[in-house]
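**Q** Each chain, letter by letter, is given below.
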Amino acid sequence: MLEIVTTRANPMIDPPCTCGAGRSGLPVPRRLGRRLDGAVGVLPAPGRRPGARSVGFVLPWLGLVLLSLGMGALFLDLEHKLYVWRMYLTFQPASPMSWGGWILILVYPFLALAALASIPDDLLAGWPAIARFAARVREPAALRRLGSASMAVGIALGIYTGILLSTLGARPLWATAALGPLFLVSGLSTGAAFAHLIARDPDEQATLLKADNAFLGVELALIGLMLIGLLTASAVHADAARLLLGGSYTAVFWVLVVASASCCRSRCRR
Amino acid sequence: MGHLRLTITSERCNHCDRPPCVSCCPTGASQVHDYGKVVLVDHGKCIGCKACLASCPYGARFIHPEGYADKCTFCIHRVEQGELPACVAVCPTHCMTFGDLDDPSPR
Chain A
1 MLEIVTTRAN PMIDPPCTCG AGRSGLPVPR RLGRRLDGAV GVLPAPGRRP
51 GARSVGFVLP WLGLVLLSLG MGALFLDLEH KLYVWRMYLT FQPASPMSWG
101 GWILILVYPF LALAALASIP DDLLAGWPAI ARFAARVREP AALRRLGSAS
151 MAVGIALGIY TGILLSTLGA RPLWATAALG PLFLVSGLST GAAFAHLIAR
201 DPDEQATLLK ADNAFLGVEL ALIGLMLIGL LTASAVHADA ARLLLGGSYT
251 AVFWVLVVAS ASCCRSRCRR
Chain B
1001 MGHLRLTITS ERCNHCDRPP CVSCCPTGAS QVHDYGKVVL VDHGKCIGCK
1051 ACLASCPYGA RFIHPEGYAD KCTFCIHRVE QGELPACVAV CPTHCMTFGD
1101 LDDPSPR
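As you go down the protein sequences, you meet chains A and B in turn.
The first sequence begins at 1 in my numbering and counts up by one.
The second sequence begins at 1001 in my numbering and counts up by one.
Wrong hints could be hidden among the right ones.
Claimed, not checked - Below, a sample of chain B positions facing chain A; criterion: calculated Cβ distance under 7 Å:
#1 1047
#2 1054
#3 1067
#4 1068
Unchecked claim - Okay, the calculated bits of chain A under chain B, using three or more residues with CB under 8 Å as the criterion:
#5 69–81
#6 88–95
#7 149–160
By construction, these hints were calculated from the structure, which means they are not laboratory data.
We put the beta carbon where it would ideally sit given N, CA and C, even for glycine.
With the hints as extra help, turn the sequences into a complete structure.
**A** This is the structure:
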């Protein structure tokens, strides 16, 4: 069947395509922001104070940098930038983006406390007030609470983008409940791979490698489940799944997303 | 020999009963107006995050050159004054009508 689609294209009425917007419909800065956010999701405070050689010593600091980069990318993606403060004058429970905006802000204090706990005592000798506060944060019970809270906000940070996209019923490929867990596991996998890349301690490297492999396996399984779910749903969802299974996005998705990410990751491993 | 298929698709705002563009808005800029449940955007609250553009199944929303998300307002400023929306008022063939679906008598 030859299908001819004609539609209007009035630049004053219809949203124009911009070079920043990929074919997924999500602009590049937002995709970058999401990925960085996902990576930050696995960089919370540890349940114990890390040693100087531990990767946990630098992760909170890198987390602060990556989170700020992600926030910056999300800000660049806004079209009405000077009104961004409006996001933080309200909380809209039905809007996953509102949840995301607040979660992003909520992550900062936990990362800052984790970073403070990682500073060696001798570096804080000149600031007794900060040193006393850091000592309180380093108490085992406080560190455990900080670690638990950091994991909770890290999971929220990693999962909210997937939930946001899955609520967009107008985009059948995204309208699947598997997307939230998929984004979470993808972020965990990216974070574990990143931590493995900078880890110096052999034991930590081995642990992070195992974690990355496990997350990667779960991620691939979730992609499979997502496609099965779409294929067994309504016709529009099945059509959306076929875009990745023989359709126009098949090569791009399986080669540039799945295969290249796996190859890149294995190349980074030592 | 291929078959020709004609599909008529609405690309205008349908002012949905449960508008996804309103529920996804993080700032409350998208809202349902009291008058006729018309879906409107408060420009001063919109941050231009484009969540509503992605959520609209009809592709009816767009980014205004000034940065905020915009859409058909059903010419609410005219309707509130008892006038017809501009597109209905100027349609030379009168192919469009405007009124309350629950009360078809006034057309």
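**Q** Holds or violated: the hint that residue 1054(B) contacts chain A, with Cβ atoms closer than 7 Å.
**A** 5 Å, holds
**Q** Holds or violated: is there a CB of chain A closer than 7 Å to the CB of residue 1068(B)?
**A** With a minimum Cβ separation of about 5 Å from chain A (threshold 7 Å), the hint on residue 1068(B) holds.
**Q** How does the stretch 149–160 of chain A fare against chain B when you require at least three residues with a CB closer than 8 Å, holds or violated?
**A** Check failed, 0 qualifying residues.
**Q** Are there three or more residues in the stretch 88–95 of chain A whose C-beta lies closer than 8 Å to some C-beta of chain B?
**A** Held - the stretch 88–95 of chain A has 5 residues with a Cβ nearer than 8 Å to chain B, which meets the minimum of three.
**Q** Closer than 8 Å, Cβ to Cβ, for at least three residues: run that test on the stretch 69–81 of chain A against chain B and report holds or violated.
**A** The restraint on the stretch 69–81 of chain A holds, since 5 of its residues have a Cβ under 8 Å from chain B and three suffice.
**Q** Take the shortest C-beta to C-beta distance between residue 1067(B) and chain A; is it under 7 Å?
**A** OK, holds: residue 1067(B) within 7 Å of chain A, min 4 Å.
**Q** Can you verify the interface hint for residue 1047(B): is its Cβ closer than 7 Å to any Cβ in chain A?
**A** 5 Å, holds
The structure fails hint 7 only (numbered hints given earlier).
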